[in-house]
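If you follow the hints, you should be able to join the two separate chains into one complex; please do so.
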Amino acid sequence: EAQVTQNPRYLITVTGKKLTVTCSQNMNHEYMSWYRQDPGLGLRQIYYSMNVEVTDKGDVPEGYKVSRKEKRNFPLILESPSPNQTSLYFCASSLSIGTAYYNEQFFGPGTRLTVL
Amino acid sequence: TQLLEQSPQFLSIQEGENLTVYCNSSSVFSSLQWYRQEPGEGPVLLVTVVTGGEVKKLKRLTFQFGDARKDSSLHITAAQPGDTGLYLCAGVAGGTSYGKLTFGQGTILTVHP
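Chains A and B are the protein sequences, given in the same order.
The first sequence begins at 1 in our numbering and counts up one residue at a time.
The second sequence begins at 1 in our numbering and counts up one residue at a time.
Rather than coming from a laboratory, the hints here were simulated on the basis of the structure.
C-beta atoms are modelled at their ideal positions from N, C-alpha and C, and glycine is treated no differently.
A portion of the hints provided could be inaccurate.
[Claimed, not checked] Ranges of calculated distance between the beta carbons of each label pair, as one might list FRET restraints:
(1) R60(B) / N26(A): 29 to 39 Å
(2) L11(A) / K56(B): 34 to 44 Å
(3) I12(A) / S7(B): 12 to 22 Å
(4) Y22(B) / G16(A): 37 to 47 Å
(5) Q80(B) / Y10(A): 29 to 39 Å
(6) G95(B) / Y10(A): 36 to 46 Å
(7) P39(B) / N26(A): 18 to 28 Å
[Said to hold, decoys possible] Calculated from the model, a selection of chain B residues having no Cβ within reach of chain A, i.e. all distances over 10 Å:
(8) Q9
(9) N24
(10) H112
Excised from the complex, chain B in its bound form (with noise of 0.2 Å):
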């Protein structure tokens, strides 16, 4: 079984502040996707990174996939309450597993005005 550690699981931040989350695992993943969630609802991808060492950025969000294919990051910059929100990173397994997706736990993220 492939395991994705995400952390921090809770952040609680002020509005202009800049953070990071990480995912990592001893495992390769053939791309990796990360999803925001608001309560009450089902995930909505941001983004998928395929190739290792790939940078993607989404307006304030950055997104980079390890060199490995192993680990993964999202840093937001001056974070805004409208960033509030639980985020999920999720690997998709590859080989034989091709299809199978392994979800880190999330991270609750508020930001305060």
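Chain A extracted, bound-state conformation (with noise of 0.2 Å):
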């Protein structure tokens, strides 16, 4: 089945506390991006990825990291969490984000991140 797999769904952590968001897609998609999604901001980006070894910031970097050694996996990386960064995170693949027909965004299931 081809899907987009977030690990963990849900997170509860203590500040500074450094942790990793997996994210997996099998579908050999180009672009990939991470989303922060808060109540009345709608999603806001994280980072994107147009292919292997290239990452841009999204308009919501700071305090992330992100790695695309493989095409197919784009880790989130908090290094110092802190509880502003409390929030629901969606990763997403496409397979050309900038095209008319290949655009459409699969996103995963979400990971509900609480920092306490």
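Given below as structure tokens:
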């Protein structure tokens, strides 16, 4: 089944404890992206990757790191989480985001993170 | 930073009514996408509009991209309770920010039977 998987789905942690949220897609997609969703703010892009070894900042990259060493994986790293990073996080992938016909983003199920 | 203002934020209507959701920006986008999101799930793409002035129809939903590719609208005709959900617009940047997406704040639509 074609899908984007994220782990963990739920995580409660404490301030300063490094964590990684994994994201994997099995559709051979070039493009991958991370978003956070907060009430009243819609989705905000954290980082995106047009292809392997290519990553760029979205609108809210502070406090986050990513890497794209393989096409299928795009982990999100919080080196020192803080309470303002409590949010719902989504990973997404697309065959080719900028084209007219292959730009559909497929979203993972989400990771609900709470930082105490 | 590109901004995409989506309105209204909340819409509560009766079954059979028509409605329009707007997304406006001062920035030009290479394309604009509309998503629908159900509680507890990720957004699902409804449509992408690419050309200025483009109109796309998906059953009772009509999507339009502004001539200058800075704004878009979603019109639902004869809304049904099954249309209830969160609707999101997203602009795809071009040029040096190619691949960057900006989402609107979302419109929570509730259609009462």
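Which hint numbers does the structure go against, in order from smallest to largest? 3, 8
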